[in-house]
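Under our numbering, think of the first position of the sequence shown as 434, with each following residue one higher.
These are computed hints drawn from the structure, not numbers from a lab.
The structure displayed is predicted, hence computed values, not measured ones.
Where is the CB? At the ideal position from N, CA and C, for every residue including glycine.
Any given hint could turn out to be false.
Straight-line distance between alpha carbons at most 20 Å, and here's what the computed EDC-like set of lysine to aspartate or glutamate pairs gives [as the list claims (entries may be wrong)]:
| id | residue 1 | residue 2 |
| --- | --- | --- |
| 1 | K559 | D583 |
| 2 | K559 | D474 |
| 3 | K559 | E492 |
What follows is a set of in silico ranges between Cβ atoms, one per label pair, in the way DEER data are often shown [what the hints assert, rightly or not]:
| id | residue 1 | residue 2 | range |
| --- | --- | --- | --- |
| 4 | E518 | M556 | 19 to 25 Å |
| 5 | S594 | F558 | 20 to 26 Å |
| 6 | V595 | D497 | 15 to 21 Å |
| 7 | F558 | V473 | 34 to 40 Å |
| 8 | A589 | M556 | 28 to 34 Å |
| 9 | R584 | P506 | 15 to 21 Å |
| 10 | T577 | V473 | 17 to 23 Å |
| 11 | A596 | E560 | 18 to 24 Å |
| 12 | E518 | N570 | 18 to 24 Å |
| 13 | F503 | K559 | 21 to 27 Å |
| 14 | R498 | R575 | 33 to 39 Å |
| 15 | R493 | D583 | 16 to 22 Å |
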Amino acid sequence: MTLAHRANAAELDAVSRSARPRGSRPLPFAGLSLSACFGVDNRIFTWGNGSSGQLGNGERDMRDRPSEVFLPPGGSGADGGRAAEVAGVACGSRHTFIWTPSGEAFSFGNNFYAQLGHDFRKMDFKENQLVPHLFRNLPSQRITQVACGDRHTLFALEDGSVAVCG
Numbered sequence: 434m435t436l437a438h439r440a441n442a443a444e445l446d447a448v449s450r451s452a453r454p455r456g457s458r459p460l461p462f463a464g465l466s467l468s469a470c471f472g473v474d475n476r477i478f479t480w481g482n483g484s485s486g487q488l489g490n491g492e493r494d495m496r497d498r499p500s501e502v503f504l505p506p507g508g509s510g511a512d513g514g515r516a517a518e519v520a521g522v523a524c525g526s527r528h529t530f531i532w533t534p535s536g537e538a539f540s541f542g543n544n545f546y547a548q549l550g551h552d553f554r555k556m557d558f559k560e561n562q563l564v565p566h567l568f569r570n571l572p573s574q575r576i577t578q579v580a581c582g583d584r585h586t587l588f589a590l591e592d593g594s595v596a597v598c599g
């Protein structure tokens, strides 16, 4: 385990203490080289290896302390300064997905194997995405769960089917 993954319970608790009810804790998630958490206040934090943009903070650096991730405006993402409601976070080896109760998903990090679901017909589809982008490849389907692997992503859909990219 690297130093980047060593956040103790007190640090995790302090990450989102100010806006959540007393006694509730942030929900932690871990990928190969990063960790993430979000609390009932819907604030999302990541730390660890960000060399491919998988921390979603706009940079490609190592973070040994949690840094906040902001979803883009539009859809059910953060609008007018208020946080989007978060249903879950999934971390792969070098990519991350966040999804909402309304079925939208946001992705960031490495896309070399199309694991972010960006249009592979575009010349720049393999570029790392340093901030969250709305996932648009399943427009008529509501995403209910996401799981990230090393170089792929799985989506559980409201109708019971499963989709994959990467």
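* Has the hinted range 20 to 26 Å been met by the Cβ atoms of S594 and F558? -> 24 Å Cβ-Cβ, so the 20 to 26 Å window holds.
* Status of the given 15 to 21 Å range, CB of D497 versus CB of V595 -> Hint violated: Cβ distance 36 Å, outside 15 to 21 Å.
* Asked: Honestly, do F558 and V473 meet the 34 to 40 Å range at C-beta?
  -> 35 Å, holds
* Within a Cα-Cα threshold of 20 Å, do K559 and D474 meet the stated pairing? -> 33 Å, violated
* Cβ-Cβ distance between R584 and P506: within 15 to 21 Å? -> 30 Å, violated
* Regarding E518 and M556, is the given constraint of 19 to 25 Å on their beta-carbon distance met? -> Since E518 and M556 have Cβ atoms about 35 Å apart, the given range 19 to 25 Å is violated.
* Under the criterion that the straight-line Cα-Cα distance not exceed 20 Å, is the pair K559, D583 satisfied? -> 15 Å, holds
* Using the beta carbons of A596 and E560, state whether their distance is inside 18 to 24 Å or not. => 23 Å, holds
* Regarding F503 and K559, is the given constraint of 21 to 27 Å on their beta-carbon distance met? -> Taking Cβ atoms as reference, F503 and K559 lie about 24 Å apart, which means the hint holds.
* **Straight-line alpha-carbon gap K559 to E492, limit 20 Å** => OK: K559 and E492 at ~17 Å, within 20 Å.
* Asked: Does 28 to 34 Å hold as the CB distance between A589 and M556, or does it fail?
  -> The hinted range 28 to 34 Å holds for A589 and M556, with Cβ atoms some 31 Å apart.
* Mind checking the hinted window 18 to 24 Å against the Cβ distance between E518 and N570? => 22 Å, holds
Violated hints for the displayed structure, listed by number in ascending order: 2, 4, 6 and 9.
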